[in-house]
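With the sequences and hints as input, model every part of the structure.
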Amino acid sequence: MNILILGGTQFLGRHFVEIALNNGYQITLFNRGQTNNSLYPNVEKLVGDRLKGNLAALRGRKWDIVIDTAGYFPNLEQLVRDTAELLKDSVEFYIFISTISVYAELKTNGDETLPRYGIDRNPPEKTDAEIYGTHKALAESVVQEIYGERGLIVRPGLIVGPYDNLGRLPYWVRRVAQGGEVLTPESPNLPVQFIDARDLVEWIYRMALARKGGVYNAVGPDYSLNLGQVLETCRQVSGSDAKFIWVPGKFLESQGIGHWQELPLWLPSSLQNTFPCLNNRKAIADGLSFSPLAKTIHDLWQWDQLEQPEYPSGLSPEKEKNVLQAWRRAAEEGIDH
Numbered sequence: 001m002n003i004l005i006l007g008g009t010q011f012l013g014r015h016f017v018e019i020a021l022n023n024g025y026q027i028t029l030f031n032r033g034q035t036n037n038s039l040y041p042n043v044e045k046l047v048g049d050r051l052k053g054n055l056a057a058l059r060g061r062k063w064d065i066v067i068d069t070a071g072y073f074p075n076l077e078q079l080v081r082d083t084a085e086l087l088k089d090s091v092e093f094y095i096f097i098s099t100i101s102v103y104a105e106l107k108t109n110g111d112e113t114l115p116r117y118g119i120d121r122n123p124p125e126k127t128d129a130e131i132y133g134t135h136k137a138l139a140e141s142v143v144q145e146i147y148g149e150r151g152l153i154v155r156p157g158l159i160v161g162p163y164d165n166l167g168r169l170p171y172w173v174r175r176v177a178q179g180g181e182v183l184t185p186e187s188p189n190l191p192v193q194f195i196d197a198r199d200l201v202e203w204i205y206r207m208a209l210a211r212k213g214g215v216y217n218a219v220g221p222d223y224s225l226n227l228g229q230v231l232e233t234c235r236q237v238s239g240s241d242a243k244f245i246w247v248p249g250k251f252l253e254s255q256g257i258g259h260w261q262e263l264p265l266w267l268p269s270s271l272q273n274t275f276p277c278l279n280n281r282k283a284i285a286d287g288l289s290f291s292p293l294a295k296t297i298h299d300l301w302q303w304d305q306l307e308q309p310e311y312p313s314g315l316s317p318e319k320e321k322n323v324l325q326a327w328r329r330a331a332e333e334g335i336d337h
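Read in full-length UniProt numbering, the sequence shown has 312 at position 312, and its numbers run on one by one without any break.
These are calculated hints, taken from the structure and not from any lab test. Fair warning: there could be bad hints in the mix.
Claimed, not checked - With beta-carbon atoms standing in for the labels, derived distance ranges:
hint	residue 1	residue 2	range
1	Gly148	Val47	28 to 36 Å
2	Asn2	Ser38	20 to 28 Å
3	Leu86	Gly214	18 to 26 Å
4	Arg59	Asn22	43 to 51 Å
5	Asn2	Gly148	20 to 28 Å
Unchecked claim - Okay, derived cross-link-like pairs now, EDC-like style, lysine to aspartate or glutamate, Cα gap no bigger than 16 Å in a straight line:
hint	residue 1	residue 2
6	Lys243	Glu181
7	Lys212	Glu202
8	Lys321	Glu181
9	Lys243	Glu310
10	Lys243	Glu232
11	Lys52	Asp82
Ideal Cβ positions, reconstructed from N, Cα and C, are used throughout, including at glycine.
Here's what the structure looks like:
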């Protein structure tokens with residue numbers, strides 16, 4: 001299989017490259033050559049800039065499939081249209097990595113027919129998620145318009161694993177491994193969903209080989225997962241002495257704790273309907289499978305220890321300590337939380 005990857009040098013893109021190489025596929029990367037450019041010296045690299053309409057390096061070439069991981073750009077739908085139009089007679093199959101953020105109305109167990117921003121409903125576009133979701137939804141429609149059944153639209157939620165550059169799950173893996181008292185939000189029963197990047201990529205390649213188009217929620221796992229299970233697995237994998245201190249969400253908010261960014265995987269009760277457990281039965285029926293949670297966490301922990309990257313997510317040790325102290329004082333005073 002001859003594959004064109006638009007990007008390919010960050011998180012998910014790196015897994016696309018490495019799994020393809022392990023499977024003996026032929027790879028071409030197209031990007032600006034500015035991020036991790038020393039990676040994959042034996043892979044063909046074409047230089048261009050979609051933001052500036054510089055696609056000349058793609059002209060006159062043919063590939064079996066193209067993988068488009070384009071992210072948060074204000075004119076995303078136009079970038080995708082320019083690339084998709086240029087390649088429509090040069091590639092057999094177009095894969096667009098979208099997001100569950102396209103959904104204007106998230107519901108637990110909601111499937112791929114949920115209304116989308118910008119398509120079924122015009123959003124106020126006040127938040128980053130609304131803006132991002134709108135542009136991704138419009139870009140999806142571009143791919144569907146141009147490629148029809150030759151297009152695969154993949155809607156992941158939170159993606160985790162080695163090379164993670166956002167730090168949502170890595171924050172917890174690293175923090176639990178450090179041990180001691182760990183500030184944890186609300187309840188161990190908080191539902192969570194995420195998918196190992198490698199499981200996602202392996203499945204996408206199987207879909208590509210079968211030329212199986214359509215729209216899919218690519219979320220995991222295939223059972224109900226909660227934050228307590230995730231953190232306990234982190235503790236078991238690292239062998240730490242971590243003690244989880246579950247603190248009510250209202251108290252966390254009163255202490256200025258930012259949900260999702262400072263305490264990843266947590267949303268306050270007023271927003272928890274925006275992080276539901278979406279329906280993934282369609283993808284599972286077409287072969288999506290999931291690694292054991294312990295393997296995902298183990299591999300992520302090993303990589304994190306080796307690379308020690310800095311993440312934009314997570315609570316500072318000082319702030320965590322201060323909030324834990326405030327919580328103990330409040331508990332001693334019998335304050336109703």
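Verification of the supplied hints:
1. The beta-carbon spacing between Gly148 and Val47, approximately 30 Å, falls within the hinted interval of 28 to 36 Å.
2. For Asn2 and Ser38, the Cβ-Cβ distance of about 24 Å falls inside the hinted range of 20 to 28 Å, so the restraint holds.
3. Checked against the given bound of 18 to 26 Å, the beta carbons of Leu86 and Gly214, roughly 23 Å apart, stay inside it.
4. At roughly 30 Å, the beta-carbon separation of Arg59 and Asn22 lies outside the given 43 to 51 Å, and the hint is violated.
5. The hinted range of 20 to 28 Å is satisfied by Asn2 and Gly148, whose Cβ atoms lie roughly 21 Å apart.
6. Straight-line distance between C-alpha atoms of Lys243 and Glu181 comes to about 5 Å, which keeps the hinted pair within the 16 Å bound.
7. Restraint check for Lys212 and Glu202: satisfied, since their Cα atoms lie roughly 14 Å apart, inside the 16 Å limit.
8. Restraint check for Lys321 and Glu181: satisfied, since their Cα atoms lie roughly 9 Å apart, inside the 16 Å limit.
9. Between Lys243 and Glu310, the direct Cα distance comes to roughly 24 Å. Violation of the 16 Å bound is thereby established for this hinted pair.
10. The suggested pairing of Lys243 with Glu232 holds, with an alpha-carbon distance near 10 Å, which does not exceed 16 Å.
11. A distance of roughly 11 Å separates the Cα atoms of Lys52 and Asp82; the hinted pair therefore holds under the 16 Å criterion.
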